[in-house]
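Asker: So the chains spell out like this:
Protein chains: 2
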Amino acid sequence: MTRSWWGWGNVEDAVGGAELDALLGRVRAVMPGELTDHEPPSVASLGLPDPRTTPPASLADLCSADPADRAAHAHGKAFRDVVRNLEGDLRHVPDLVARPRDERDVTDLLDWCTREGIAVVPFGGGSSVVGGVEARCEDHPAVVTVDLGRLNRVLEIDTTSRAARIQAGVYGPHLEDQLRPHGLTLRHFPQSFEFSTLGGWLATRAGGHYATLCTHIDDLLESMRVVTPVGISESRRLPGSGAGPSPDRLFLGSEGTLGIITEAWMRLRERPRQRAGTSVRFGDYASAVAATRAVAQSGLNPANCRLLDATEVLINAGVSVGGGLLVLAFESADHPVRSSLERAVELCRDHGGEPADADTTGGSDGDARGGPAAETWRSSFLRMPYQRDALVRHSVIAETFETACTWDGFGALHHAVTEAARRAMAEVAGAGVIACRFTHVYPDGPAPYFSVYAPGRWGSLVSQWDHIKAAVSEAIVANGGTITHHHAVGRDHRPWYDRQRPAPFAAALTAAKSALDPAGVLNPGVLLP
Amino acid sequence: MTRSWWGWGNVEDAVGGAELDALLGRVRAVMPGELTDHEPPSVASLGLPDPRTTPPASLADLCSADPADRAAHAHGKAFRDVVRNLEGDLRHVPDLVARPRDERDVTDLLDWCTREGIAVVPFGGGSSVVGGVEARCEDHPAVVTVDLGRLNRVLEIDTTSRAARIQAGVYGPHLEDQLRPHGLTLRHFPQSFEFSTLGGWLATRAGGHYATLCTHIDDLLESMRVVTPVGISESRRLPGSGAGPSPDRLFLGSEGTLGIITEAWMRLRERPRQRAGTSVRFGDYASAVAATRAVAQSGLNPANCRLLDATEVLINAGVSVGGGLLVLAFESADHPVRSSLERAVELCRDHGGEPADADTTGGSDGDARGGPAAETWRSSFLRMPYQRDALVRHSVIAETFETACTWDGFGALHHAVTEAARRAMAEVAGAGVIACRFTHVYPDGPAPYFSVYAPGRWGSLVSQWDHIKAAVSEAIVANGGTITHHHAVGRDHRPWYDRQRPAPFAAALTAAKSALDPAGVLNPGVLLP
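Residue numbers (UniProt numbering), protein chains in the order written: chain A, 1 to 529; chain B, 1 to 529.
Derived from the structure by calculation, the hints contain no laboratory data. Possibly wrong hints are sitting among the right ones.
Short derived list, chain A residues pointing at chain B, Cβ under 10 Å [claimed, not checked]: (1) LEU20; (2) LEU238; (3) PRO239; (4) PRO495; (5) ALA503.
Please read these numbers as outputs of a predicted model, since none were measured by experiment. Positions of the beta carbon are idealized from the N, C-alpha and C atoms, including for glycine.
Kindly generate the complete structure, drawing on both the sequences and the hints.
Answerer: Have a look at this one:
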C-alpha cells in the first residue's frame, strides 16, 4: 500500500470505477454543477523551496528533505487541505521531516530546535482536520516536522490491571495487532483509526468507539510520558487520584504545544463476547432526539447510540426515513446485554420509535451492528474520507464539523447551525445539503456532527468552504456549543476557541506554555497566539 | 444544633453515654492505655492574639473577629487538628473570618487582600484533613479566611439536561433538600457530606457515593465559575468537549490556590428506584481482592463495591470474617438491577465468596444495603468521625489515610503500608492496629483506605501520629501509590506530593498560579511552596 501525499489513506483504496460512478450519480441527483475530475499534481511539479536549515550531523540520519516527504507532511486531511494539495498550494511545507527512533532522539531534536529557534510540529498520523500539523510559522527561521511513526511498539502489558505501556507513534491497526494475542483491546476506533496514532489521539483528545462513558481517549489514559524542552514529564500509573489538578489533563488536548508525547500507559479491556444491536426508525426528528436523550439518561450506557437524521440516512445509507434512525448497540466481555438493548428499545417505543430486528451476530471487528440500514451506513462511514476526496476532485464541497451542547440547548443550536449553513451555502454555492448525526451522547447533552455538501467552483473551493465554516462556527459558539467535541482546535478553530475559553484560563495556559517551552518552538499558532 | 469549634460536626451529636462506654470497652479489649478523658478548652481560655488587620469599611459587615469564629476556622478536622484544638494550640488562627453574601463580595474581598498582600484561605465546610484550611502563612501580614457558607442556593435547574447551577457554599444536606422537590439528586455523599460544601468538593476533587465510574466530583461537573485575582473564569456548560486542555480540570483540585469557586453547573440524576445489594464473605484476603478485581473489570459498574478486610469488619461491624467482606450494591432510576447483582455474586463465588441474602429494600437515603454486617458497618461509617473525637479525648491515636494503585501493584503496596504502619506504631506507641477497606474500585486498580488505632500519650499525640503518617506516606509513594485518592494535598501532603508530581507539571502549575494570583495571596503553602 502507498500512502497518498495529497488525500486520505492509501492510494490503492481511492474511490474509482463503479463506486465513483455511483457516487457521482448520487451527487448529480441532488445538486447542479459540472463534475470535472481534477488530477492531483505530481510532487515534482510543486516546486517546493529548498529547506532553510540543515540538521547537525548527529541528527542528520533522522531527517528527510525529500520533497515527497515534505509535501505529505505539509497539511492535515481536512477538505481545505485536500483542495490546496490538489491545487498545488503548499506554501507552508516543513523544511525537514524528522523521524526519531526513540525518546532520546526526540529529546535531541527538541534541544536542537529550541537552541536554534526552529519551529517543531509534532506529527502522528497527520489526520488533523484543523490545521494542527500545518507549519504556519512565519516567525521562525525554519520548521521541522517530527513524525513519531517509528515509536510504534507496545512495550509492556500488565494483564492483571489490564493496561499496556505503548509508544505514541503507533497507528491504530498495528496497536490492536499487538494487543490481540493477549485477548486485550484499547477499543479506540475513531474514523481515522487506520491513519492516526496513539500520541495524536492523546494530544487532540480524540473521540472514539464508545458513544457513552469512555467517549474520549482521555478516559482510557492511565499515565503518560511527555518530552518538553525543560525535561520529561512522567505521571504515575494510577487508576484514580485526587492529588492536585491532574497533570495528564494539562497535556491531554495540548496539541503539541507543551511537549511531545512519547509513550503512555493505556487502560485496556477484554475483547467483547456478548453483543446486541438494532436500529430504530422515527417518524419525526424531535421524537428521535427525545428518545435518544431518554437512552442517554437511562444509565444503560450503550456502546453505540448514533442518531442519524433523515438526510444522513438518505445520503449514506440510501434509505428514506421520516425523522431519523437511531443505531443502538451494546457489548460486553462479561455478561449478556440483550436485556439492556430491550430496555433501550422500550424507551424508543415510548417516543414512537419502530425497531428493526435485533442483531446479535456482531461484525468482523466485534462491533454489534444495527440492521441493514445501519450496516449500509457503517460501510459508508469507513469510505467517507475516500469519497470526500473523490468529491473534492470533482469540485464538490464536502466537509464535516462537530460540537457538543446541552439537551436543553440542542434545538436552538441545531436550528441556528442548519440555517447558517443553508444561508452560507446559498450565498457561495447557490445551494447545498446539511445532515446531522450524533457521534456521542451524554446524560446532559449530545455531540452533534454535521456534514455539508454543496456544488463548488474549482479555484474557489477554499474560500467557499471558509465562508460556510465561519458561518456555522459562529452559530455554534453563539448558541452555547463547543467549537470542537473531538476534532481539536489546531490553527483553524482558534478564533472561536479564543472566545469560548475563559480568559483567566487562557492566561494560565499561556504561562504554562512559557514555563515548558520558553523558546516558543512547539507547534506555534496552535491553541495560543 | 451547634457546630463544634474543636471537633467533628455538631456538639449535640458527640459520642456519650452508652455509645461511649461501648466504644471504650472495645478499645480496652484490643490495646493497653489509660483512657482518661480530656475536655476541650473554652475558646476564652485560648488567649487568641488580636487580629492583625482591619477590613475597609465597605467590607466590615462581612468580617468577623469573634474568637469563637476564628478558632472554629483555624484548623480542619484531621486527627492532628482535633488534638491541637484539645491542647489549645491554635497558633495559626486567622485574623478575620469573612462571609461574602454574593460573588461581588468575593471579588471585593480578593481585591482588598491582593492589594494588601493579605493571605486568603478559602473555606467551605472546613472538613479538610490535610491542613488545607490552616493559615500557616508566616510570610503574610495577616490572614483572612473566606467562609463561603452564605452562597448556599440552587440558582437554576435544567430538568431537560438534568443539571443545576449551584452556589459553591451549599452544604450537602441543604443541596439535596433543594433538589429533592424536582426528583433530582447530585448523589455525592462523601463521609463528610453533612459538613462539607460543593465548592470544597470541587476544589479538593472529593470522592463520593459511587464506587465505580463517577468516583470523584470531577465527573459530575458540567461547568464552573471561579473568582481569581485577575478576573472571573467561567467555563461553558458542555456535556463533553475536546477544545484544548480542559479549563475545569485545572481548577478541580486547585484547593483554593488559583481562585475561589463561587458556583457550578452540576450533572444530576433521577433518584434511584431500583436497588439490589448484598455482602459476600471470603475466607482469605487474596481471594477477596481477586473477586473485587473481577467485579471492577466486569463492566457491571456497581454503585457500591467496598471490600472490608477482616480487621475493618471486626472493629466497625463487630463480626468475624476470615478474609474480608465485600459490600455490593447496584441502583438505577430506570431499570432492574437484580441481574447485575447476580452476575457480580457469581464472579465472587468463582473466587470462593459466600453471599448473604440479597437485599432489595433500600435504606432511608435510597442506598441499597448489603445485609446485616454491612448495615452495622454502614452505621459505624457515619459515626466514625464522632467516635474518632471521643477516642482522641481519651488519648487514642485514631486516623485514616488513603491512596490508589494498580491491581498489579496492590499486593506489594498493601504489604509495605501495613508493615510500615505496624513498625511505626510499635516505635511510638508500643502497638497498634491497621485496617483496610476499598472506597472505590477501577478496572485498573483499587483505592485502598486505611484506618489506624494505637494507644497514644496525651501531650505527644501529634508527634506520635506524624511519625506514623510519615512512615506510611513513604511506603505509599515508594510503592507506586498516590499520596491521596480523594483527601487532597493541602499542606500536610506536600512532601510526598512534590515527589509524585512530574517536575515539568510543577513548573507549569507554578506559572499558572503566578498568572492568576500574581500577589501570591491565595491559600499560600497549599500544593505549591
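Asker: Against each hint, give a clear statement of whether it holds in the structure.
Answerer: Here is how each hint holds up against the structure:
no.	hint	in the structure
1	LEU20	33 Å, violated
2	LEU238	5 Å, holds
3	PRO239	3 Å, holds
4	PRO495	12 Å, violated
5	ALA503	6 Å, holds
Of the hints listed earlier, those the structure fails to meet are numbers 1, 4, in rising order.
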